[in-house]
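S.K.: Residue strings, one per chain:
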Amino acid sequence: MARLAYCTDVDRSVVLSSLERRGWTAVGPEDDWNFYWASTNTTRSLFSVDSGYRMGDHQMINHFPTHYEITRKDLMVKNVKRYRKELERDGNPLGERNEQGRYVHLDFIPVTFMLPADYNLLVEEFRKSPNSTWILKPAGKSQGVGIFLVNRLAQIKKWSRDSKTPFNPALVKDTYVISRYIDNPLLIGGKKFDLRIYVLVTSFRPLKVYLFKMGFCRFCTIKYDLNTQELDNMFVHLTNVSIQKRGVGMNTSVALCFAMGVGKCLTKHFVQLFGLKTEVVIQMADLLPSIQNAVRLTRTMPLHISLHLHSQAEYNSIHGGKWSMENLQLFLEGTRGRKVTDKLFSDINWLLVHSLKAVAPVMVSDRHCFECYGYDIIVDQNLKPWLIEVNASPSLSSTTANDRIMKQALIDNIIKVVLPPDGIPDVHWNKVPPSENLTDFELLLDEEIAAQLENARDRGQASNLPRWR
Amino acid sequence: MNRDVTRLMEHMRKEDGYASVMQSLERLVASHPELCDADDYREQLLALVRSSRCQRRLQNLVQQTVLSRPDLLYPPGYPLEAIQEPLDYMRRAQRAWERRLYKSLNAMSAELGMPLARLRPPAQQQKMVERPEEASQDEPVELERFRPVYAPKDFLEVLTRVENPNYAASSSDFLYGMVRLPLPVPDLAELQQQFEELGSSRLQHLSMSADLPAAGKPHLSVGQYREMLGARLLELDDAPAAREFAKLGVPQSQRGELWCQMLGVRPDARHTAKLEELNRAVLQHQLLADRLVARDVQLTAGNDDQYFVFSELLRATLLRFLRHTAPLEALTPLPGRPARATAAGAPDTPLAYPPCGVVPFHGFSMYLAPLCFVLSEPTRLLMAFERLYSRYFVLLHTLSSRPDGIVSLSLLLERLLREHELTLWLHCRRCRVQPLRLVFRWLVRAFSGYLRVSQLLSLWELVLAYDSLRPLALLAAAVLAYRRASLLAATSQQTMEAVLADLSSIRVLPLLRAVLGRWTA
Numbered sequence: 005m006a007r008l009a010y011c012t013d014v015d016r017s018v019v020l021s022s023l024e025r026r027g028w029t030a031v032g033p034e035d036d037w038n039f040y041w042a043s044t045n046t047t048r049s050l051f052s053v054d055s056g057y058r059m060g061d062h063q064m065i066n067h068f069p070t071h072y073e074i075t076r077k078d079l080m081v082k083n084v085k086r087y088r089k090e091l092e093r094d095g096n097p098l099g100e101r102n103e104q105g106r107y108v109h110l111d112f113i114p115v116t117f118m119l120p121a122d123y124n125l126l127v128e129e130f131r132k133s134p135n136s137t138w139i140l141k142p143a144g145k146s147q148g149v150g151i152f153l154v155n156r157l158a159q160i161k162k163w164s165r166d167s168k169t170p171f172n173p174a175l176v177k178d179t180y181v182i183s184r185y186i187d188n189p190l191l192i193g194g195k196k197f198d199l200r201i202y203v204l205v206t207s208f209r210p211l212k213v214y215l216f217k218m219g220f221c222r223f224c225t226i227k228y229d230l231n232t233q234e235l236d237n238m239f240v241h242l243t244n245v246s247i248q249k250r251g252v253g254m255n256t257s258v259a260l261c262f263a264m265g266v267g268k269c270l271t272k273h274f275v276q277l278f279g280l281k282t283e284v285v286i287q288m289a290d291l292l293p294s295i296q297n298a299v300r301l302t303r304t305m306p307l308h309i310s311l312h313l314h315s316q317a318e319y320n321s322i323h324g325g326k327w328s329m330e331n332l333q334l335f336l337e338g339t340r341g342r343k344v345t346d347k348l349f350s351d352i353n354w355l356l357v358h359s360l361k362a363v364a365p366v367m368v369s370d371r372h373c374f375e376c377y378g379y380d381i382i383v384d385q386n387l388k389p390w391l392i393e394v395n396a397s398p399s400l401s402s403t404t405a406n407d408r409i410m411k412q413a414l415i416d417n418i419i420k421v422v423l424p425p426d427g428i429p430d431v432h433w434n435k436v437p438p439s440e441n442l443t444d445f446e447l448l449l450d451e452e453i454a455a456q457l458e459n460a461r462d463r464g465q466a467s468n469l470p471r472w473r
Numbered sequence: 035m036n037r038d039v040t041r042l043m044e045h046m047r048k049e050d051g052y053a054s055v056m057q058s059l060e061r062l063v064a065s066h067p068e069l070c071d072a073d074d075y076r077e078q079l080l081a082l083v084r085s086s087r088c089q090r091r092l093q094n095l096v097q098q099t100v101l102s103r104p105d106l107l108y109p110p111g112y113p114l115e116a117i118q119e120p121l122d123y124m125r126r127a128q129r130a131w132e133r134r135l136y137k138s139l140n141a142m143s144a145e146l147g148m149p150l151a152r153l154r155p156p157a158q159q160q161k162m163v164e165r166p167e168e169a170s171q172d173e174p175v176e177l178e179r180f181r182p183v184y185a186p187k188d189f190l191e192v193l194t195r196v197e198n199p200n201y202a203a204s205s206s207d208f209l210y211g212m213v214r215l216p217l218p219v220p221d222l223a224e225l226q227q228q229f230e231e232l233g234s235s236r237l238q239h240l241s242m243s244a245d246l247p248a249a250g251k252p253h254l255s256v257g258q259y260r261e262m263l264g265a266r267l268l269e270l271d272d273a274p275a276a277r278e279f280a281k282l283g284v285p286q287s288q289r290g291e292l293w294c295q296m297l298g299v300r301p302d303a304r305h306t307a308k309l310e311e312l313n314r315a316v317l318q319h320q321l322l323a324d325r326l327v328a329r330d331v332q333l334t335a336g337n338d339d340q341y342f343v344f345s346e347l348l349r350a351t352l353l354r355f356l357r358h359t360a361p362l363e364a365l366t367p368l369p370g371r372p373a374r375a376t377a378a379g380a381p382d383t384p385l386a387y388p389p390c391g392v393v394p395f396h397g398f399s400m401y402l403a404p405l406c407f408v409l410s411e412p413t414r415l416l417m418a419f420e421r422l423y424s425r426y427f428v429l430l431h432t433l434s435s436r437p438d439g440i441v442s443l444s445l446l447l448e449r450l451l452r453e454h455e456l457t458l459w460l461h462c463r464r465c466r467v468q469p470l471r472l473v474f475r476w477l478v479r480a481f482s483g484y485l486r487v488s489q490l491l492s493l494w495e496l497v498l499a500y501d502s503l504r505p506l507a508l509l510a511a512a513v514l515a516y517r518r519a520s521l522l523a524a525t526s527q528q529t530m531e532a533v534l535a536d537l538s539s540i541r542v543l544p545l546l547r548a549v550l551g552r553w554t555a
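Chains as they are written, first to last, in this note's numbering: chain A, 5 to 473; chain B, 35 to 555.
Hints are computed from structural coordinates only; laboratory data are not their basis. Be aware that a few hints might be false.
What the hints assert, rightly or not - Computed far set for chain B versus chain A, every beta-carbon distance over 10 Å: (1) 63; (2) 70; (3) 78; (4) 86; (5) 135; (6) 148; (7) 162; (8) 183; (9) 313; (10) 316; (11) 324; (12) 343; (13) 345; (14) 540.
Stated by the list, open to error - The calculated DSBU-like cross-link candidates involving lysine-lysine, where the alpha carbons are at most 30 Å apart (straight line), are: (15) A:195 <-> A:343; (16) A:361 <-> A:435; (17) B:281 <-> A:195; (18) A:347 <-> A:161; (19) A:347 <-> B:308; (20) A:217 <-> A:361; (21) A:420 <-> A:89; (22) A:89 <-> A:196; (23) A:347 <-> B:281; (24) A:347 <-> A:361; (25) A:85 <-> A:161; (26) A:343 <-> B:281; (27) A:161 <-> A:195; (28) A:85 <-> A:361; (29) B:251 <-> A:343.
All C-beta atoms, glycine included, are put in the ideal place defined by N, C-alpha and C.
Full structure from sequences and hints, please.
M.R.: The following block contains the structure:
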């Protein structure tokens with residue numbers, strides 16, 4: 005095993021333990037590192053023109069420079085739409101559309117529009133399905149900051165009028181993305197869930213995709229709202245709020261929602277102010293710094309604020325609300341049948357591959373790079389998967405023992421797959437890992453090998469190369 | 035002979051599928067009007083029935099009746115008590131255990147100031163209907179005050195203290211084990227006969243050979259072949275055939291249906307109406323046992339990373355189960371006797387408490403949890419659970435001399451170890467550790483919560499297919515045999531428990547085959 009020099013600016017034990025275990029030495033970013041487990045910010049500055057940094061033949065980094073093409077919601081949607089239109093234009097059967105104008109084979113993202121650019125298209129869609137609910141998200145943000153649900157066109161119109169920034173596409177700094185809310189998600193045990201799937205990409209041209217077999221379902225633990233108090237003007241009113249903790253095992257947190265006169269408001273960004281044990285009086289002055297921070301992040305001035313008290317069932321440290329994909333498959337096979345279950349899983353693989361194919365033409369396929377994406381997928385009641393989001397830096401913190409074991413296996417396995425057989429990063433390696441290195445990864449697509457097989461078949465030669473799935 | 039048939043008919047009439055079988059028979063006869071004038075009416079009728087589907091359905095019905103009413107094997111007028119439990123001392127021990135349980139239940143009720151049952155105030159009923167998810171969270175503080183009525187280890191203590199007054203316990207046969215009772219227990223040769231398919235390595239079990247080519251049909255994989263056979267069986271609706279099929283593994287997608295066939299679960303409108311009635315009963319009355327169930331779900335299934343998803347479903351189903359009196363009738367031939375309580379307004383009519391006749395204990399919800407992976411419809415889930423429980427699982431926590439009872443299973447386990455894993459047995463003896471104590475909780479829970487779901491379903495399938503709980507004892511002994519090396523290196527109870535703590539990597543069929551093969555070699 006080669007002893008490499010590594011660098012990391014992600015302080016996560018699952019990463020550090022995998023790197024240390026191999027006997028690698030830690031160095032700084034200025035030194036001669038072979039392997040860099042970086043954050044997206046560092047990657048951006050490393051690859052930026054001003055930095056003038058040139059990576060050597062024996063260096064490897066865990067992000068592609070243009071990863072935002074798939075992780076920013078607006079760019080991802082744009083790339084998928086462009087991909088579909090090209091296939092349609094070329095007469096490729098994959099680009100086939102049905103009478104309603106929906107793509108038959110590539111309908112894996114909910115109907116989405118960019119605001120303010122596609123405003124008119126949105127209005128048309130709204131007229132077609134007046135009872136639909138839509139979810140409005142800022143394109144560049146993560147962690148659920150500034151997300152709203154709307155169900156009336158009037159709400160959007162008001163938002164566009166009241167917004168401080170002019171409604172000029174050239175001047176608006178923050179694009180918003182509005183997509184159809186999946187209001188019929190598959191429920192198991194009466195609970196909603198989404199899927200988290202890890203996908204490793206070692207190259208975009210030719211596309212090489214590996215699926216991590218240990219994906220999982222994340223079940224919703226939030227139970228219900230307790231109480232709402234509205235404050236008209238946050239700066240003028242300074243009243244005290246009395247909150248009582250309810251029940252054993254309940255973590256009461258205060259969620260600050262910014263309603264800009266737009267319908268219901270949903271935010272995943274819980275501002276956990278206090279670990280409330282008993283009855284407590286909260287001064288408005290204590291809330292002010294958090295409010296100011298949130299305003300800065302969303303860059304909007306709220307019309308009014310509502311204070312939601314959420315009672316979140318205490319985080320169970322044994323299962324953490326996470327269910328393995330294996331159990332999901334077993335459950336679906338047992339209760340829905342084998343055919344539809346197999347179809348769901350192959351639809352998921354299809355979604356993964358085509359979302360990456362859509363983005364491949366605009367990605368800089370730097371040979372020094374690999375990337376592990378965290379896909380968030382929701383399954384609806386017809387067992388159809390929908391792509392919600394792709395994360396370039398999926399969370400590496402662990403909530404339960406099983407979680408920790410899985411993430412450790414993930415990192416360890418990634419390193420095994422991305423390094424050449426001799427263990428030293430090499431830009432000239434053909435990036436075809438031996439099958440015993442895959443372990444918990446499954447090869448979804450390797451365009452290079454697929455092309456070789458095609459050629460071999462055309463020339464009538466037998467081949468024992470791994471097959472494309 | 036005729037008397038037995040009359041008795042059989044009497045019980046058959048009460049069975050669930052009776053009405054529909056009679057209907058189809060009538061329809062069959064009505065469609066052959068030429069029968070009425072025939073001279074040999076009887077022979078022709080018999081021939082007609084034999085050649086039609088009714089034959090199979092009738093067979094199913096008869097088999098179901100006989101299996102669920104073992105008292106039919108006894109002459110009429112035989113005292114019920116003796117049928118339930120022929121051995122005097124065992125009966126007394128079970129009664130004593132029950133008295134202890136019921137006393138403890140009463141004490142808990144007095145201590146917490148909660149009546150065993152009471153009417154729910156209408157406001158609360160309204161809330162339950164409108165916001166069911168909130169209702170499940172009501173008074174969570176209170177749940178902590180409820181202790182489970184008992185745990186498997188308490189039961190083990192009671193079991194080991196049972197003594198046969200006619201049997202001198204100092205006999206050398208049982209000197210080393212915990213259970214000192216002279217109940218008949220099969221040896222390996224008998225087990226091999228009973229579980230022929232388990233030991234035979236040339237027969238392909240689905241869970242071991244799913245992707246291998248099927249013997250006799252090499253163009254199909256075993257998985258595909260079994261699915262094809264399973265589909266045909268589902269149409270047949272023949273319980274004995276389903277059992278034979280299940281001995282070699284049922285594909286997961288067909289398990290729900292086939293298990294229902296084997297258990298005789300055929301829900302019709304009556305059952306759906308019953309379910310509605312039970313839902314109403316849940317709203318109207320609040321039982322102390324409800325809290326026990328809620329607490330149990332919270333502690334066991336709610337903390338299990340495979341079953342936590344179904345917590346709500348488990349709670350709802352068990353609340354219905356508690357109020358359903360049908361299990362009580364099914365339990366009558368069994369040794370347990372439910373607690374009797376009298377309502378405040380009617381002191382002369384004792385009712386069973388809880389109405390289903392079963393006091394939920396720590397881990398009770400784990401009997402139901404694995405079923406959520408094969409059945410999702412509430413009526414079928416409840417019915418299948420009731421049958422599974424009253425036919426098999428109840429024997430795991432009542433004292434009886436039945437060959438499938440927990441006492442016999444414990445004896446079987448100890449015998450297997452003593453005869454085939456002597457080194458391990460002696461090692462445990464030297465370290466003053468009783469192997470039964472290490473594995474008892476697996477037996478009482480039928481391994482639920484200890485094995486991975488897919489493996490557990492395979493194990494329960496064996497229980498259904500062979501209509502016997504012995505595979506549980508076999509598996510327990512096999513696990514000990516498999517981990518022999520680590521157990522021999524351990525010297526204390528704690529270390530041994532640590533060796534046996536994690537069963538998630540156990541694969542049931544390969545293990546049973548390997549160990550049985552080793553013992554018979």
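S.K.: Now look at each hint and say whether the structure bears it out.
M.R.: Status of the hints after comparison with the structure:
1. 63: With a cut-off of 10 Å, residue 63 (chain B) remains clear of chain A, as the shortest Cβ separation is near 37 Å.
2. 70: 45 Å, holds
3. 78: The claim stands: residue 78 (chain B) keeps its Cβ more than 10 Å from every Cβ of chain A (closest is about 42 Å).
4. 86: 30 Å, holds
5. 135: For residue 135 (chain B), whose nearest Cβ neighbour in chain A is about 28 Å away, the distance exceeds 10 Å, so it holds.
6. 148: Given that every Cβ of chain A is farther than 10 Å from that of residue 148 (chain B), nearest at about 18 Å, it holds.
7. 162: 14 Å, holds
8. 183: 22 Å, holds
9. 313: 15 Å, holds
10. 316: 16 Å, holds
11. 324: 18 Å, holds
12. 343: 4 Å, violated
13. 345: The claim breaks: residue 345 (chain B) does not keep its Cβ more than 10 Å from every Cβ of chain A (closest is about 7 Å).
14. 540: 15 Å, holds
15. A:195 <-> A:343: Holds: residue 195 (chain A) and residue 343 (chain A) sit about 24 Å apart, inside 30 Å.
16. A:361 <-> A:435: 18 Å, holds
17. B:281 <-> A:195: 35 Å, violated
18. A:347 <-> A:161: Given that 30 Å is the threshold and the Cα spacing comes to 40 Å, the pair is violated.
19. A:347 <-> B:308: 36 Å, violated
20. A:217 <-> A:361: 20 Å, holds
21. A:420 <-> A:89: Violated, because 37 Å separates the two Cα atoms, which is more than 30 Å.
22. A:89 <-> A:196: Given that 30 Å is the threshold and the Cα spacing comes to 33 Å, the pair is violated.
23. A:347 <-> B:281: Holds - the C-alpha atoms of residue 281 (chain B) and residue 347 (chain A) are around 29 Å apart, at most 30 Å.
24. A:347 <-> A:361: Roughly 21 Å separates the two Cα atoms, so the pair holds.
25. A:85 <-> A:161: 25 Å, holds
26. A:343 <-> B:281: 24 Å, holds
27. A:161 <-> A:195: 34 Å, violated
28. A:85 <-> A:361: Holds: residue 85 (chain A) and residue 361 (chain A) sit about 12 Å apart, inside 30 Å.
29. B:251 <-> A:343: OK: residue 251 (chain B) and residue 343 (chain A) at ~22 Å, within 30 Å.
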